[in-house]
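**Q** Chain by chain, the residues:
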Amino acid sequence: MIFWLLGGLTIGTALMVVLSKHPVRSVLFLVLTFFMITANYVLMNAQFIAIVNIIVYAGAIMVLFLFVLMLLNLNKTNEPKGSILMTFGAVIAAGGLLTVLVAAIRDAVLAPTMIDANSENAGLVENLGELLFTKYVLPFEVSSILFIAAMVGAVLLAKRDKQTQE
Amino acid sequence: MLLATLFESGVDIKHYMILATALFVIGVFGVLYRKNAIILLMCIELMLNAVNLLLVAFSTYFGQADGQLFVFFIMVVAAAEATVGLSILVLVYRNLRTTDIRLFNKLKN
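If you read the protein sequences in the order shown, they are chains A and B.
Going by this note's numbering, 37 is the number at position 37 of the first sequence; the sequence numbering is gapless.
Position in the second sequence (from 1) plus 1000 gives the number in this note's numbering.
Keep in mind the hints are simulated off the structure, nothing from the lab.
A hint or two may mislead.
Stated by the list, open to error - Calculated pairs, BS3-like style, for lysine-lysine (alpha carbon to alpha carbon, straight line, at most 27 Å): (1) B:K1035 <-> A:K81; (2) A:K159 <-> B:K1014; (3) B:K1014 <-> A:K21; (4) A:K81 <-> B:K1106; (5) B:K1035 <-> A:K21; (6) A:K81 <-> A:K21; (7) B:K1106 <-> B:K1035.
Using the sequences and the accompanying hints, generate a full structural model.
**A** If you want it as structure tokens, here you go:
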């Protein structure tokens, strides 16, 4: 069963992100996790989201993280370590959250699926583009303002340091 | 019918819900366990991706494209958040020479 294989690999690589001590190895495992999630999208016939996930997450955001890690020259020796008490608390908190959520999901009553002949095309770029520029055109424009604000913020943060040095 | 075969081959929507929950909890565990601020940002990305996976699963389950557009907007917000967060971290590293999250409480005064 391909779902079980993919799900197991997704959870395994995600655990390796958290557990591996080397930050660069952590980033590379996160890229692997994103590829596994992309494979899940392909399995669910969400082709546009699958491609965008590879391009934006694995391609852009993770390369940004990798550049920052290499710029700051972080490695295993100066990796900060937590106390044993904090580790114990984190395990208890995460385990409790997982137990509660899975118990809640197990008892959930779901509406029946509504797959018909048209839902094969729901994830294709033609259908998504039409919906994006009609029903969701306002959030689309607002997100462009958000991007400009983020870009200006990043440039400002990078530049202010140079001015104080002079 | 590709989707019908996926959901009739024993894979329920609840399997995807549990998979996304597990990914989200791994992200929460990472935020609590790791002390490197860059890894914390990566764990937040992991949590966002768990939500994305659940949105796409429900979008496929109900045969509507709206969920996949929400995923698109979440990606936009994640990209903006990563840019600003990483540039702040680089600034903090220049001042403190570390990315240990416990030293950031010096910001208090």
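**Q** Taking the numbered hints from earlier one at a time, note which ones the structure violates and give those numbers from smallest to largest.
**A** Violated hints: 2, 3; rest satisfied.
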